[in-house]
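With the hints as extra help, turn the sequences into a complete structure.
Protein chains in written order, with my numbering: chain F, 16 to 102; chain E, 264 to 644.
Because the hints were derived from the structure by calculation, they are not lab data.
There's no promise every hint is true.
[Claimed, not checked] Pairs of lysine-lysine, DSSO-like flavour, derived with a Cα cap of 27 Å:
1. F:Lys45 <-> E:Lys320
2. F:Lys45 <-> E:Lys626
3. E:Lys357 <-> E:Lys557
[Claimed, not checked] Simulated DEER-style distance windows between Cβ atoms:
4. E:Ala372 <-> F:Pro31: 39 to 49 Å
5. F:His51 <-> E:Gln569: 18 to 28 Å
6. E:Asn296 <-> F:Arg80: 51 to 61 Å
7. E:Asp548 <-> F:Ala28: 25 to 35 Å
8. E:Glu564 <-> F:Pro31: 34 to 44 Å
9. F:Arg80 <-> E:Ser632: 57 to 67 Å
10. E:Asp440 <-> F:Pro31: 19 to 29 Å
We put the beta carbon where it would ideally sit given N, CA and C, even for glycine.
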Amino acid sequence: MLDSSLDLHPQVALRPEPFGALAYHYDTRKLVFLKHPDVVRVVQSLADHDTVADALAACEIDERRWPSFDKALTSLYESEMLHERSS
Amino acid sequence: MSAAASAPALVEQLKGGLDAPICLTWELTYACNLECVHCLSSSGRRDPRELSTDEAKAVLDELHDLQVFYINIGGGEPMIRRDFFELVEYSISKGIGVKFSTNGAFIDADKARRLAAMDYLDIQISLDGTDAVTNDAVRGDGSYATAIQAMEHLRDAGFGEFKISVVVTRHNVDQLDEFKALADTYGAQLRITRLRPSGRGADSWHDLHPTQAQQRQIYDWLLAHGDNVLTGDSFFHLNALGEEPLPGLNMCGAGRVVCLIDPIGDVYACPFVIHDEFKAGSVRDTGGFGSVWKHSDLFTELREPQSAGACASCGSYDACQGGCMAAKFFVGIPLDGPDPECVDGYGEAAMLAASAGDVTPPKPMMDHSKPARVPVTITSR
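Right, dumping it as structure tokens:
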């Protein structure tokens with residue numbers, strides 16, 4: 016997933032919360048908890064970077080934490096909260 | 264509601280409250296064409312103080328600012344309001360999705376097409392039996408046929424996946440498979456929820472609520488089918504029955520992630536506690552809904568760590584969380600006592616203790632039931 020070019024699905028809204036954020040998908044009606052403010056920052060910056068790895072680097076996420084971010088973003092991709100950018 | 268991962272830490276954080284509710288129920292009117300014996304809001308007659316169209320739109324503006332993703336509209340029968348479509352369309356135009364509960368009486372072919380044309384709209388048709396005898400005993404004569412007809416209209420209009428919403432009672436618990444089959448027939452999704460002794464349910468609960476054996480039946484059925492069935496997380500008290508937790512967050516969200524706005528704008532901790540003790544304020548107060556949600560004394564208190572009280576020494580407390588606040592309250596059990604349907608049987612004892620101590624269970628405070636019909640004799644003078 017680190018090499019993928021991802022973005023928040025256009026039908027998804029993010030709402031900041033003390034623990035991170037809530038993400039709601041208006042089409043699938045799915046609600047997901049982003050449970051760390053860093054995950055929220057990375058998700059919000061995906062659109063500005065070519066790959067997930069670039070976004071992680073730009074958000075200054077320690078490389079030792081990348082596998083857990085990879086897992087979290089994969090899960091978000093599988094639930095259609097994130098989608099592949101077609102650029 | 265699905266958590267990306269169900270870490271206990273998240274549930275602890277949710278108990279501390281969110282910046283805005285996840286699940287907000289808004290009863291639009293107390294008026295209803297039916298008189299269901301378990302109606303949680305004792306609905307029947309419209310209240311003259313109900314929010315005007317403009318007031319309701321102002322609330323929607325505020326919910327938009329709070330980034331509430333969707334609202335659950337109910338009643339009464341919400342479609343009785345003349346501005347029903349106006350409010351639903353306004354909400355959706357503001358990016359607030361709508362799920363509304365209805366008995367279906369006002370969904371004809373035209374309305375079904377109009378509803379089918381709308382995005383971000385979900386419909387729940389209430390049905391409490393898979394046959395007229397079982398359903399109508401609770402919801403009133405003809406209500407089964409009405410609901411089925413509405414479902415047919417929605418199917419014919421190509422609405423897509425609507426929901427069939429069932430309150431589980433001791434009389435329909437054996438029909439769970441049939442409800443699922445019925446939902447499948449209509450391309451619908453099944454939703455089952457717990458019966459509470461709220462509203463007129465205070466009078467019918469003792470006759471309708473599932474037996475201990477049936478609670479095990481519900482738990483087993485949900486473990487087998489729960490991933491495809493919605494429950495509003497209402498059966499978390501059953502988690503004490505086994506090692507495997509039911510799908511969902513399994514916590515009481517009252518005042519933390521859930522609340523109710525009633526037809527006159529009063530804000531309660533959840534849809535099942537329409538009583539002054541659980542009233543946090545009103546959308547008509549200065550500061551509106553947002554201020555009630557963020558700063559009311561009641562909600563602040565509910566977001567504090569709760570005492571396990573009488574259940575503190577019970578090994579099941581972590582699983583069942585002491586059960587449902589509303590269920591305890593309306594049968595006279597203290598809020599830190601066991602749930603009346605405690606699967607370990609402590610609820611029965613607590614109810615006996617309450618009645619032995621001459622505790623009169625609190626009555627619902629907002630009764631909009633229709634007056635009993637008195638036969639009129641016409642005489643000539």
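Hints versus structure:
1. Distance check on the hinted pair: Lys45 of chain F and Lys320 of chain E sit about 26 Å apart at the alpha-carbon level, within 27 Å; holds.
2. Distance check on the hinted pair: Lys45 of chain F and Lys626 of chain E sit about 37 Å apart at the alpha-carbon level, beyond 27 Å; violated.
3. A hinted pair counts as satisfied when its Cα atoms are at most 27 Å apart, and Lys357 of chain E with Lys557 of chain E qualifies at roughly 22 Å.
4. Between Ala372 of chain E and Pro31 of chain F the beta carbons are some 44 Å apart, a value that agrees with the proposed interval 39 to 49 Å.
5. Checked against the hint of 18 to 28 Å, the C-beta distance between His51 of chain F and Gln569 of chain E comes to roughly 26 Å, which is consistent with it.
6. Distance hint check for Asn296 of chain E and Arg80 of chain F: the Cβ-Cβ separation is about 57 Å, which falls inside the suggested range of 51 to 61 Å.
7. Range check, Asp548 of chain E to Ala28 of chain F: Cβ separation about 28 Å, and the 25 to 35 Å hint holds.
8. For Glu564 of chain E and Pro31 of chain F, the hinted distance range of 34 to 44 Å is not satisfied, since their beta carbons lie about 25 Å from each other.
9. Restraint check, Arg80 of chain F to Ser632 of chain E: a C-beta distance of roughly 58 Å satisfies the suggested window 57 to 67 Å.
10. Judged by the Cβ atoms, the range 19 to 29 Å given for Asp440 of chain E and Pro31 of chain F is violated: they are separated by roughly 43 Å.
Hints 2, 8, 10, counting from the list given before, are not met by this structure.
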